[in-house]
Structure formats: C-alpha cells, structure tokens
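Q: Single-letter residue listing:
Protein chains: 2
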Amino acid sequence: MAAVTAPGRVVEQAPLVIQAQGSFAVGGTVVRQPGTFDPARPVMPQGQTLHGDHARVFYQVPQNRRQLPLVMWHGFGQFGKTWETTADGREGYQTIFLRRGFPVYLVDQPRRAGAGRSTVAGSVSATPDDQRWFNMFRLGRWPEFFAGVQFSRDAEALNQYFRQMVPDTGPFDPQVATQAVSALFDKIGPGVLVTHSHSGGLGWTVAMMNPQVRGVVAYEPGSGFVFPSGEAPPAMPSAAGPLEAVEVAKAEFDKLTRVPIVVFYGDNIPAQPSPNPGEDNWRVRLAMARLWVEAINRHGGDATLVHLPQIGIRGNTHFPFSDLNNVQIADLMSDFLARKNLD
Amino acid sequence: MAAVTAPGRVVEQAPLVIQAQGSFAVGGTVVRQPGTFDPARPVMPQGQTLHGDHARVFYQVPQNRRQLPLVMWHGFGQFGKTWETTADGREGYQTIFLRRGFPVYLVDQPRRAGAGRSTVAGSVSATPDDQRWFNMFRLGRWPEFFAGVQFSRDAEALNQYFRQMVPDTGPFDPQVATQAVSALFDKIGPGVLVTHSHSGGLGWTVAMMNPQVRGVVAYEPGSGFVFPSGEAPPAMPSAAGPLEAVEVAKAEFDKLTRVPIVVFYGDNIPAQPSPNPGEDNWRVRLAMARLWVEAINRHGGDATLVHLPQIGIRGNTHFPFSDLNNVQIADLMSDFLARKNLD
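Chain order of the listed sequences is W and D. According to the numbering used here, the first sequence is numbered sequentially starting from 248. According to the numbering used here, the second sequence is numbered sequentially starting from 248.
It should be emphasised that the hints constitute simulated quantities derived from the structure, not laboratory data. Heads up, none of these hints are tricks.
In silico SDA-like pairs for lysine to any residue, Cα to Cα no more than 20 Å straight-line:
#1 K502/D to E478/D
#2 K434/D to D401/W
#3 K434/D to A402/W
#4 K434/W to D335/D
#5 K434/D to N406/W
#6 K502/D to R461/D
#7 K434/D to G336/W
#8 K502/D to S470/D
#9 K434/D to D335/W
#10 K497/D to P458/D
#11 K434/D to E403/W
#12 K434/D to A404/W
#13 K434/W to E403/D
#14 K434/W to A404/D
#15 K434/W to A402/D
#16 K434/W to G336/D
#17 K434/W to L405/D
#18 K502/D to L538/D
#19 K434/W to D401/D
#20 K434/D to L405/W
#21 K502/W to F474/W
#22 K497/W to G471/W
#23 K587/D to R312/D
#24 K497/W to E541/W
Computed beta-carbon distance windows for the label pairs:
#25 Q519/D to R312/W: 52 to 58 Å
#26 Q314/D to D433/W: 42 to 48 Å
#27 N588/W to P556/D: 54 to 60 Å
#28 V277/W to P281/D: 44 to 50 Å
#29 T504/W to Q422/D: 55 to 61 Å
#30 R279/W to Q422/D: 37 to 43 Å
#31 G559/D to G282/W: 37 to 43 Å
#32 K434/W to G547/D: 51 to 57 Å
In this text, all values refer to a predicted model and were calculated from it rather than measured experimentally. For glycine and all other residues, C-beta sits at the position ideal for the given N, C-alpha and C.
Take these sequences, add in the hints, and give me the full structure.
A: Below you can see the structure in the form of structure tokens.
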C-alpha cells in the first residue's frame, strides 16, 4: 500500500477511507463558585462554573473497521501529536493503524494541549530544556546523535521534534488523568490501550479500573510499575534518582493478569550504571519492567517484554512508533494484536 | 450525501476519502540560554535551547481536491477544535469542507493548545467563567437560552461547549500569532483564510503580510478593524468598554482591497445600547465592521458584510459554523468561494 522510496519520502499512498471522524471531551469535573452571577460584571467568578479536567479526544474510524479501537495515550510533555506525523514528515501510528483497519482514538490527557482547561491554576515555565529531552529521549548525547539512531539527521526533523512538546496547564494529577481515560473507555466500550512513557504506569491503573481495556501495548513505560502488596522489589537507584515500585492490593494487581500486555523498549539503554541521567534512567526502568513482566506472568498473566535490540532491531529512541523504522515497529504491534485476537 | 433525520442526528454519511493527512509545527522562534549544557544536570538551562511560539497545524487533503486550501483559525480561548465536531456531535467545518473537496488546515495559534510551547512564561487561571462565555458567545442570557437560538438544548452539548475552551500558555502576542500563521501560508502557498472572532483582526494583518492569502471569510470578527491613516472612525463606547479602530499605512490597507472578503454576523445583536456587556460588545463590533466594509469598498476592494438575520437566517450564536444550521451557513461560504473563483 505504501511505496517507500527512501526514509522520509513516501509516495503514492493509497487514499484513506474514513467512515467517521471527530472529537469530543470526556470525563472531567465541574467547579462551582458560590454566589450569584452578575451579567453586568461577567469577569467576576461569583455564581459561575468551570468545566475542566476532561481529556480531549480526536478519533477516526476507517471503512470496514476492525472491532476493537486503539486508544493512544501520549507521555510526559507530549499530546496527541505523539502519534501523528513523525518529526521527519512520515505517517505516524494514527494513520498507519487507520490503514490497517483500526479505529484510532488520540488522547490529550487532562491539563494538556487541547484538554487545557484545568480546575486548578497552573504556571508555565519557559526554561530552555531541549537538550535535556534530546538526551532523555535517547536521540544521542547532545549534540551528537547515537550512531545508527533511527532518527532523521535533517535539521527540520529535530525542529519539529522539539516543537511537539507542550506544557501542563495545571498540576499533574494521576487520579484526574486516569479517571478521564477510564471515562473514555466507558464511552467507547472495549478497546486496546496504547501507552508511551509516563502514560505507561497510568495505563496499568486504567486497565485495573476499567474492564473495557482488553489489551495494553506499552512503549517504554517509565514509572508506576505496580506489584501485589509485599512483592514490590526495592527501589532501584540511578543517576536520575531512585525508581520506586508501587504496591497495590493483590485483587487489583490480578486484574492486569486478565489482559494481554506487551512492553517495548528501544536501543541505547546502558546495561551498567551510567553517570548520564538521560540514559541511566532507562537502565533501571527496563530492569524494573523485566521484574514487572515476571510478576504478571508468575500470577497467571500474559505479559511480554520486547527489548528491540535483543530481536535484532537497532537504533530505536524513546519514541519507537515515530522512529525511521516505525512501520517495522508497527508490524510488531500488529503481530501482537493478531496473536492475542485483539484485531 | 448527508441524510439528516433530526438536528444532531446524522446517519449514513458517505465515507471521506482522504489523500493525505498529518500535522506539523510552523513558524516560531528559538531561545538560547548562554552557557554550556551539562548532561549530568539536565534540568539546568545553561546552554540549552527552547523551540517555541510556533503554530500547530493539523491538515487533511481529500481525494480530487480543489486547488485552494482553507486555513481555519480559531478565536479567543479556543483552538482547532472550534472547527471539528460540534458541541452537539455533528460534523463541523473541518469535515463539511473536506466533503466539499477542500484541503483543510486547522490552526492552533502560538501559545495555545497543541502549540503550547511558549518562549515567555505564563500563568493559567482556574477562575470560573463559563457563564461569561455563555452570554458573550450569545447562547442567551444565563441561564436562559435565547428563543430560537441555533444551539442544542441537550445538556451534554453545553458540557462539550464549555470544555472546548483552552487557556493561553504564555502572554498573547499579536506579532507572534500573525507571524506563525503567515509562515503557514509561506509553507502551503495560496489559500483562503477562515477566521473567527479574535482571529478576525489578526487575519486582516496576515492578509496584509502575505499575498498567499487569496480570500478571507471572517465569522464575527471582534477587534483589529484596520483603516487607512486618517480615516479611522472614533472609538465606539459600549458596556464592554470602547472599541477602537486601528490605523495602518494606506499602502498596507490597500492590500486588503485586492482579495475578496466576506464577514458574517449572527443573531441577537442588539441595535440599541444594552447594559449587558456580552451583547453590547457585538453591537459596536457589528457597527465597526459595517464602517470597515464600506472603507474597503470605497478604496476599490471587494468586501461583503452578511448580517444573517437580515437575510432571514435567525438564531445564530457567535459560532455560526458550529450552530445547528451550520450546513446552511457552510452553503453561504461555499457560494462566496464559488462566486469569487476561490473554489
């Protein structure tokens, strides 16, 4: 269907046939200010409400759709854009999986981007930090890219990549975030949750909250690994600080053993401690993810960890789904969905 | 193509055939912090950059496209959502005009929603103000809707409507906003600019900056009416404060006389001064728009003002393009584009 002539150049794509598309807010709350609204003084809050803390969702349903939709949830500092056009201008997961017949729902979590209406005031910093993310997202060690990294060397690609960051418009609150995404599953019914980084741990929570989550694909989950009470491993020290496991009631944990789960990690994660927090961070996260997958399976679950270099796929960053080889990465996800009867 | 059974219920829509879709950042600037980046202390800003102040754009190009794309720019407190699914769940301009063969580009202006990365720090208030917007956007006089208003009485519609507001993530700066949207026209070439409310005046600026703007459709422009030096009318007092005209050099103004322009206003705009700022605001804006259209035409331009009630179309709010009769409103826009050879 896609005729790829060279990385970053896609020509003669078949058209997308979309049965329905649109957007909506889901979840959230309403704050009410006591008093009486005075229409002559509309800037006074008395008697007014604020609808906020919802998620914003943009969805597309292809013709001849598969049954289960994919709900794609971005990570820290990101929004639905994560899954759209890649930094170097190729199709992202939004469109790749539409082509593969899946309804695709892109989430902006509460207090982020199109879901910016927060019930708690916030402040937005303008502190330069692009280089922090260049290292943390494992494009390389600024200003050098990793040899063989699956990221375009075109300057415009890095420009686009930096510009897809967005700030929080209010304090991050895991309960607010997970309730809104759970409300999305209440609205749309059964589906597969696709998470990235920060939403990885939040995604386990949503999967425990809502039985409509029928499978989870987690790209590089970064925190929130849940273990049954008494079974959490000790915190793992790293140059980025200690990574703590999270204990939950066994009955809650067991809910995660009832859905197929796959976890992917990319390349350039050091095996030994590194003084670079942007890399050492991922060393302990990958190590914790291995313990977590073992715990899920020990309790009768169905979790798989795929460390991409171990299957011969090299150079992936923290964003495998938008890397230069993202069609290959998507094929791995398609295989998982097929094997687990989620497609 | 669309079989509408009742307001808010659309069934058996033909599928959309999309040749290409995607998203990108455009325009913006880069801030550089002096010093040297220390990878061991990545939260320190020294030596780091911040890419910000761009616009975020989501676009779709239908199969068998018309030549000129439509660039849709939201108003105050809004983002690209303005043009997506309506509050009561029907298709908005994004999808309506895709069906009519136009490439559609939805903008989030700099420091808003998906373009939230600002080079200047900001603060986000959580002050309740839904009722302010209910009145200002002329749904009615809270808590009553106007009789016959083109807005669903379904409670969920109002819930969705309130939730499509988003805050600024940095100080609003008209130069930042207009430069980013002008950069979009530099990137995509000739097109038609569709503005709403706050982007109305900004849109005149972009049309003066960039000859790629080949026509302008303005829904309820709220400020920034430009007149040649020496020809600005006096400020118009209102219950919402005075509305000031803006003077520009005659040579700049003349650029607006070279493109077809249509301006639409909805219903429930009082003809006489009202103590309600949410209504009186629009009285002077409509009056100023009339003087502005006269000035454009006096100088050889081609501008039309359509006050919808005067052509028998009743009940429109500040958002005619998403009101219950938005297909009828879209037909008026299609007629304009056809008459001016912009389709």
